[in-house]
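Engineer: Next come the chains, spelled out residue by residue.
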Amino acid sequence: MSGFLSQFGEALPFFAQGVVITLELTILGAALSVVISFIFGLMALSQSVGVRFVSRVFVEFFRGTSLLVQMFWLFFALPLAGIQLVPVATGVIALGLNYGAYGSEVVRGGINAIPRAQWEATIALNMGRVQRMRRVILPQAVVGMIPPFGNWLIQLLKGTALVSLIGLADLTFETQAFRDATGNTVVAFTGALIIYFILAQIFAVLMSLLERRSKASIGQPMERRALGGLGWRLGGSEAA
Amino acid sequence: MIWDWNFALNEALPQMLGAFLKVTLLATILGSVVAMVLGLILALLRRSRIQLISRPTGWFIEFVRSTPLLVQLLFLFLVLPRVGITLPAFTIGIIGLGVHYATYTSEVYRAGIDGVPKGQWEAATALSLPPRRKWQDVILPQAIRNVLPALGNYVISMFKETPYLLAITVLDMVAIAKNIGSLNFKYLETFTIAGLIFLAASYPAAVLMRKLEIRLGH
Amino acid sequence: MVTEPTTNGNTTGKGQSAPDKMVRFDKVVKRFGDLVVLRELDFEVAPAEHVTLIGPSGSGKTTILRLLMTLEKINDGYIWVDGEPLWHMDQGGKLVPANEKYLRRMRPKMGMVFQQFNLFPNMKVLRNVTEAPIYSLGMSKDEAVQRGREILELVGLSDKVDSYPSQLSGGQQQRVAIARALAMNPKILLLDEVTSALDPELVAEVLNVLRDIAHTTEITILCVTHEMQFAKDISHRVMMFDHGQIVEYGPPEKIFSDPEHDRTKSFLRAVLEAR
Ligand SMILES: Nc1ncnc2c1ncn2[C@@H]1O[C@H](COP(=O)(O)OP(=O)(O)OP(=O)(O)O)[C@@H](O)[C@H]1O
Ligand SMILES: [Mg+2]
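For the protein sequence lines, the chains are A, B and C, in the order given.
Straight run, no breaks: the first sequence in this note's numbering ends on number 240.
Straight run, no breaks: the second sequence in this note's numbering ends on number 1218.
Straight run, no breaks: the third sequence in this note's numbering ends on number 2275.
Calculated directly from the structure, the hints in this document are not laboratory data.
The reader is advised that the hints may include incorrect statements.
Simulated crosslink set (DSBU-like; lysine-lysine; CA at most 35 Å straight-line) [to be verified]:
hint, chain 1, residue 1, chain 2, residue 2
1, C, Lys2187, C, Lys2232
2, A, Lys215, C, Lys2124
3, A, Lys215, C, Lys2160
4, B, Lys1118, A, Lys215
5, B, Lys1211, A, Lys215
6, C, Lys2141, A, Lys215
Coverage of chain A stretches by chain C, computed from C-beta distances (three or more under 8 Å per stretch; other residues unrestricted) [said to hold, decoys possible]:
hint, segment
7, 114-123
8, 128-139
9, 210-219
Going by beta-carbon spacing under 10 Å, a handful of chain B positions derived as facing chain A [to be verified]:
hint, residue
10, Ile1002
11, Val1071
12, Leu1074
13, Phe1075
14, Thr1162
15, Ala1167
16, Gly1181
17, Tyr1187
18, Ser1202
Ideal placement from N, C-alpha and C gives every residue a C-beta, glycine not left out.
All chains should be modelled from the sequences, with the hints used to inform the complete structure.
Structural biologist: Structure representation (structure tokens):
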């Protein structure tokens, strides 16, 4: 055991470097995918058939083609068409598009879950379309979106491991580098899995804090339940 | 832009379709079987009244769910031989996919089981059915029927993650795309075809699951 | 059966406004698919008049209020509000279907209180009341807040301005909803069974507020209710509907104690028995 710990200590510099890149990709990828989620989620609710169609095609396309294929396409094929992206951008864009496509369904579902009566109340108060969305519908809908977005954040964190396959030095990449340097396979991969697990738990706790805050901000009573941690997101519907 | 139709249709497509059928689809099918069976076992263990069983099962599920499939595959591929287990890469891939997705399907089963109305449990008890009959004839058929679309959606997800197997030297369709693309820089053709094949297979399947969902009245 | 009831003889013709009327339905038709809910319905409501609509379930009472609030589209005929067509706009002397811009100009004339309150759960009480005046009427924030507080005081909720709707009782929520509608300063108040979602002991506080408003303001009221005593207290006129047609109408004393029609009699008997 002490052997494992001291070897784990040796691996720490590798892990530390990798974690930085992994977090960077997770955060940037999440930011991009949230933006994309809202754009295409709102488009899916447009009154115009054309706009809805565009959103549908986007969502089905990026859900239907594998994340790894999208990443490889951006990394290997796009330069041949004359567009060269820096590797981090490749990773972020692929993650953002893929998870954004799923996220737009979350946005759409969240908005659709707001009762019709709320829309009618905004009409009776003569609100405009933008105001209605911004002040009444979205603030309520966002609360319902946070748990599924929390699931997606964990999925996205896991998805970042793929960037090691296009040469980005994330946690997975550094894990392999450490193994190649020392031959210590068990420590390398056990350590990596544990670190990913801890990161996921941290994100889970943060998201459940956010959920509680946002619930409080719309006056929903706080539930007295354990924060985050093991099993808090069980039952979420996700599919990577 | 340079798009070589001749290469795309006559070289890339046939080779990639071959790998798609022999590796990608096969891995999806076998991985799904593992995930469905193991997932059910995990779900039942998780429900166990003995905490020494249900707790660790819960931890295992949570751990596997929150760590990347890619790293799990590498772990199995590189660590198993160290402990004296040598298996073909493809088999390891099936195990990796199956175990990873079993942790998802176990939650689906659990939701399905919890969704069986209380009256059904009480009726089974009132008829004093032995536990085995109760589960096999009453609870599980209803539970599984209700969660079929959710299970199907995980199969589709797994299907799109089979290319991760290329990291452990399995020559799936995407690995082939990468290889023949690298020969003379024809990645544009090969990866575009790869994406379209995934789309052509997963989109109809997803539509089917949505239909099923509606039919089952979700 | 009375087909063209008006309060002062029927002189206004089709497609014309009635300047001295606050609301005028002119051969209004409303269908849901094959179901004709309103069949060429005519009636008028004078400014500051309080009209209660009664009638069996499905007779079209809610539909009338929802047409006025523009929550349902009209199929045929005209509705005039305050001398202007509601669902049509004048284009070179011809009435054409209204666009959203025109509807937005007309809507502030009406305020509606819903059966289920429909407060915005994400806003505190005061914001619920000031939101629309600020962002839809363009009132200044200070003015809206000041007015909001006044109106909340009127409905007896001064101490709840900083609560969220979820922290209030049903009766309090409904009073906020009334304040929210009044804050828009509408000419017409539409009340659709505003107490029927409330526990019995909370009904009185809401009705008292409404009685106050009815007796102290110049607002026109169209009200659907099963609270017969309340209807008697506030209405100038009661209209009995069945199948989207007016069966009879008159002052509440007359309709409630001495109705002409059998359908009114049996309806009133049923309502009384249900109490
Ligand atoms: N959105 C709709 N789609 C289809 N039918 C509808 C719709 N809204 C109302 N209806 C039908 O129109 C008829 C009149 O409904 P309305 O709600 O106006 O009746 P009401 O007099 O308010 O009844 P209640 O006393 O039950 O509230 C009913 O038969 C109802 O089923
Ligand atoms: Mg009604």
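Engineer: With reference to the structure, classify each hint as holding or not holding.
Structural biologist: Hints versus structure:
| no. | hint | in the structure |
| --- | --- | --- |
| 1 | Lys2187/C / Lys2232/C | holds (22 Å) |
| 2 | Lys215/A / Lys2124/C | holds (13 Å) |
| 3 | Lys215/A / Lys2160/C | holds (20 Å) |
| 4 | Lys1118/B / Lys215/A | holds (31 Å) |
| 5 | Lys1211/B / Lys215/A | holds (33 Å) |
| 6 | Lys2141/C / Lys215/A | holds (26 Å) |
| 7 | 114-123 | holds (count 5) |
| 8 | 128-139 | holds (count 5) |
| 9 | 210-219 | holds (count 3) |
| 10 | Ile1002 | holds (7 Å) |
| 11 | Val1071 | holds (5 Å) |
| 12 | Leu1074 | holds (6 Å) |
| 13 | Phe1075 | holds (4 Å) |
| 14 | Thr1162 | holds (8 Å) |
| 15 | Ala1167 | holds (6 Å) |
| 16 | Gly1181 | holds (6 Å) |
| 17 | Tyr1187 | holds (4 Å) |
| 18 | Ser1202 | holds (5 Å) |
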